[in-house]
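Kindly produce the complete structure, drawing on both the sequences and the hints.
Number of protein chains: 2
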Amino acid sequence: MSEPIRIGLLGRGTVGAAFADLVEQRADAVEEATGRRPEIGGVLTRSDGHAEQIIESSDLVVELMGGTDPARDYVLEALRGGKPVVTANKQLLAQHGDELFDVARDAGVQLRFEAAVAGVIPVIRVIQESFGAAEIEKVFGIVNGTTNFILSEMAASGAAYDDVLTRAQELGYAEADPTEDVNGADAAAKMAILARLAFHTPVSLEEVDYDGIETVQPDDLAYAKELGLSLKLLGVAERRDSGISVRVFPCFLYRGHPLAPIEGPFNAVMVEAPAITEVTMSGPGAGGVETASAVLGDVVSIIAGDAPVHRVGERLEIVRDVPSAFYLHLEVADRPGVLADVAGVLGRNEVSVKSVNQRGLGNDARLVMVMHECLESHFRAAVEEISTLDFLRSPPRSIRVIEEEFV
Amino acid sequence: MSEPIRIGLLGRGTVGAAFADLVEQRADAVEEATGRRPEIGGVLTRSDGHAEQIIESSDLVVELMGGTDPARDYVLEALRGGKPVVTANKQLLAQHGDELFDVARDAGVQLRFEAAVAGVIPVIRVIQESFGAAEIEKVFGIVNGTTNFILSEMAASGAAYDDVLTRAQELGYAEADPTEDVNGADAAAKMAILARLAFHTPVSLEEVDYDGIETVQPDDLAYAKELGLSLKLLGVAERRDSGISVRVFPCFLYRGHPLAPIEGPFNAVMVEAPAITEVTMSGPGAGGVETASAVLGDVVSIIAGDAPVHRVGERLEIVRDVPSAFYLHLEVADRPGVLADVAGVLGRNEVSVKSVNQRGLGNDARLVMVMHECLESHFRAAVEEISTLDFLRSPPRSIRVIEEEFV
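Going down the list, the sequences are from chains H and B. Under the numbering used here, think of the first position of the first sequence as -16, with each following residue one higher. Under the numbering used here, think of the first position of the second sequence as -16, with each following residue one higher.
FYI, nobody ran anything at the bench for these hints, they're computed from the structure. All C-beta atoms in this analysis are idealised placements derived from N, C-alpha and C, irrespective of residue type, glycine included. If a hint is listed, it holds; no wrong ones were tucked in.
Which chain H residues stay away from chain B? Per the calculated CB distances, all over 12 Å, these: (1) Ile23; (2) Ser30; (3) Gly50; (4) Thr51; (5) Ala143; (6) Gly155; (7) Val328; (8) Leu344; (9) Glu368.
Listed next, the in silico DSSO-like pairs over lysine-lysine satisfying Cα-Cα at most 27 Å (straight line): (10) B:Lys337 with H:Lys208; (11) B:Lys208 with H:Lys208; (12) H:Lys337 with B:Lys208; (13) B:Lys337 with H:Lys121; (14) H:Lys337 with B:Lys121.
Listed below in structure tokens is the structure:
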């Protein structure tokens, strides 16, 4: 058995605590995947622990303190000491990226930071690795969940900015001091990081122009709805002439734009390049467990080194008869009792009807039905029985229906 | 200077030729990123080249022949000889995955296959690496672009399946023999691969139940539209009790489902796990260049080994004054000549108006305008001038508008 990987954890707030839990829960899976078991070594909290000692005695350092001081010193110390670092600290990267990346490059040590941008969406890995050889033209999207929640709520309810902000704070989607989110500064830091990676050029935070959403009025959103537009706070980094433009601003999107349907505290990022056309990725913007999961993904990549050939566990049984909802279309004779007969067959087979529409007359009469979720074998048995009924003018047609509603 | 990486290319059809071109175009960028320059060594075509010789003399083998025979033999030979392999061959992986992965694992050699599933969407990397330590509950989505194009067209035009299929063939979105696409077999092979990776269990192609779209009728789509549903061919792999279910079937989605807006020859995949909630990724389903780009991403990862610290090129200029379209909201006095004055200011500043709505009367009068794209400095100058006009009741409000329409 090989030695465990000792993780030095700097910071034990919401994300830090969630990360420590996740490491414990997933240690077996990580060991199976990589051959080495992760374990939390030292933990630095506000009141306890000695940073230098923790770094010194770890194989890998996870920085979840936030802020740039003393996080910057600790990360530099770890990198210089040859310890790979995973961080979720966007301000640290946006403000001190040049220095940190130079030191990591010189030391030949990995510095990973998937959790710093766009929550659980793996945009850093995709830009750096999947599209590492593509000439990226544009990276843009919704990279702040707080503002997307506020704009979605304002559009849906017609309420004013201040009222919706208060609601967002109550629900935990906005901080007590929401300034950095609502004025665009948080999104600007994330766009500085994305621009740096996409275009292989230093980008400092001061070079990113940003506007926030504080001045958006309910009637802007009302007019937008009439025009078929939806309002998003967008971060955009793109090639322009021989340079690049990196900005954050509220923006109307026409219906049909891939980012238009992104509602609530979600993030979404699009990457455009000639050889890939475009790729859109979306998911929850933040949350302690989601951020911790992105951190753990980076930790696993560092432990694994080369991409492993995926592990195979025990063979799982293939389940074929699963519950589904169904649409059922029946061309029937136009006479009394037809619906009763059909409903009778369905009921006997434990299939419950959600809605029925009778359409057409005479030779065009038909039943269009939607079922509640039921075991597929029950539905198939019912359809087989229905297809023997003498009033059917053609074989029954059925299609599954998915009802889950997302944010 | 380090030695170049010699790539043995097996197959030179559409994707193979696009890959060879892309390697040439991006060789500099790959060398900068990884320290080693890729070059195509031997090429095996139908009429030319000797496979064993090409494999023997290469550092890395790219298999783009399609089919399982002789692709299987060549890939096994390469892996056993310690050469990493990149392939886009979904049938090969779905039918002979167990054997290939076992050999790769024993030889300690990478076998990568991002291009085999979901076109340019990096779903393989994301499942294996970003979510490598997550307990995935469900992977599902639209993994066949041909059928999604056909269903989108049927829904939009009301045309019959056969007519739309003919149109898809003319546009190059469907093969001359579309059987494997329209009957669901192609999607089934992709779902077998995704299920294997997501759940760490062997999944054979015969275990995937699939239905196609050949029997979908125009009136199914017409009723669906009335009900607010859209029809997709879905592949679903999910945990069920202590086993898994892997299926492909046409399915109605309610409005608001993240996959409902995916139209045309696009693919989209969702991954669900407790620690990540859900992530959705979408992009073009196929195309020679897009597939070649996914192959190159895998090649770069193999050359790079450990994830590199991203390279930095020369500093790109930050461009701040870029063209945008704008919405402009003016609360104005309700009197003649107001629109003419505003239009005059805009015109003098080279800002062209796309639409104007006059709303309200008296103290509620306002102009809601949308501009065509113009240089931001021009628009700002116009707004500054407008804000000095005496009939304005409050400061002008402006918001950018994005008009690009996607598929």
